[in-house]
Amino acid sequence: AQSVAQPEDQVNVAEGNPLTVKCTYSVSGNPYLFWYVQYPNRGLQFLLKYITGDNLVKGSYGFEAEFNKSQTSFHLKKPSALVSDSALYFCAVRDYDYGQNFVFGPGTRLSVLP
Amino acid sequence: NAGVTQTPKFQVLKTGQSMTLQCAQDMNHNSMYWYRQDPGMGLRLIYYSASEGTTDKGEVPNGYNVSRLNKREFSLRLESAAPSQTSVYFCLTGPNYGYTFGSGTRLTVV
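Order-wise, the sequence lines are chains G and V.
First residue of the first sequence: 5, per the numbering used here; consecutive thereafter.
First residue of the second sequence: 37, per the numbering used here; consecutive thereafter.
Treat the hints with care, since some could be wrong.
[What the hints assert, rightly or not] Partner residues are not named here, just some residues of chain V that face chain G (Cβ under 10 Å, in silico):
#1 Asn66
#2 Gly78
#3 Ser85
#4 Glu88
[Unchecked claim] Result set (DSS-like, lysine-lysine): computed pairs, CA atoms no more than 30 Å apart in a straight line:
#5 G:Lys53 / V:Lys45
#6 G:Lys81 / G:Lys62
#7 G:Lys73 / V:Lys93
#8 V:Lys107 / G:Lys53
[To be verified] Here chain V is said to cover these stretches of chain G; the calculated rule only asks that three of the stretch's residues, wherever they fall, bring their Cβ under 8 Å from a Cβ of chain V:
#9 48–60
#10 105–116
What the hints contain is simulated information worked out from the structure, not anything from laboratory work.
The beta-carbon is built from N, C-alpha and C at its ideal position, and this holds for glycine as well.
Can you make the complete structure from the sequences, with help from the hints?
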């Protein structure tokens, strides 16, 4: 069975600084990896995904993520944080080779301080 | 607009009452999922359907039933609601063009 870990409950960063939100995963086969964002009292919005190909994936709002197979990680990054990036971020994985189960991590709350 | 529609958006139930949450998509997606979101617990998978006519249990299926009525619709039923089922429920569909969430149903059981 697949699983996702987001080791930090909370990440604080100053506006203008680079940000990283960490994600590690476990699957038996090949991973489909995703990042979603949830703003307060809102639904979940898709940011980016890794299916295959280039390990550096670019997504919405200037976010990117790097797939690292040897470290089983898929960290979310942004070169310069904005206050408006403050939200709850979820990493998710689907095992491409074994079924349709789609598992989310517990979420990381990002606070960008002005 | 194409997308995922969840109904209702809000619901208050008394303990023991039943209700059905509806999810409909017009994205021609094969896979549909139901999650619940609770503070500090993230998103937990209740049930999913890989294709029309199939359903599978997720992490927290107890107290719920599902029906994949056709390719477009996937419903979640609470037969006898309990306060522990107070949560926000999200439907997710995919995988064509990625996986898309519905806007959620906020359910309170008193």
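Check the hint pairing G:Lys73 with V:Lys93 against an upper bound of 30 Å on the C-alpha distance. Holds, at roughly 29 Å.
Okay, the segment 48–60 of chain G and chain V, do three or more residues pass the C-beta test at under 8 Å? holds (count 4)
Could you check if V:Ser85 really has its C-beta closer than 10 Å to a C-beta on chain G? 8 Å, holds
Can you verify the interface hint for V:Asn66: is its Cβ closer than 10 Å to any Cβ in chain G? It holds, given that the least Cβ distance between V:Asn66 and chain G is near 8 Å, below 10 Å.
Under 8 Å between beta-carbons, do enough residues of the segment 105–116 of chain G, three at least, approach chain V for the coverage claim to hold? Our answer is that it holds, as 7 residues pass the Cβ test (under 8 Å) against chain V, meeting three.
With the threshold set at 30 Å, check whether the alpha-carbon distance from G:Lys81 to G:Lys62 stays at or below it. Status holds; Cα separation ~10 Å.
CA of V:Lys107 to CA of G:Lys53, is that 30 Å or under? 24 Å, holds
Is the interface hint satisfied for V:Glu88? The criterion is a beta-carbon contact with chain G at less than 10 Å. It is violated, given that the least Cβ distance between V:Glu88 and chain G is near 13 Å, above 10 Å.
Distance restraint between G:Lys53 and V:Lys45, which requires alpha-carbon spacing of 30 Å or less: 28 Å, holds
A closest beta-carbon separation below 10 Å is what the hint needs, so does V:Gly78 meet it against chain G? 4 Å, holds
Hint check: a violation occurs at hint 4 only; the rest are consistent with the structure.
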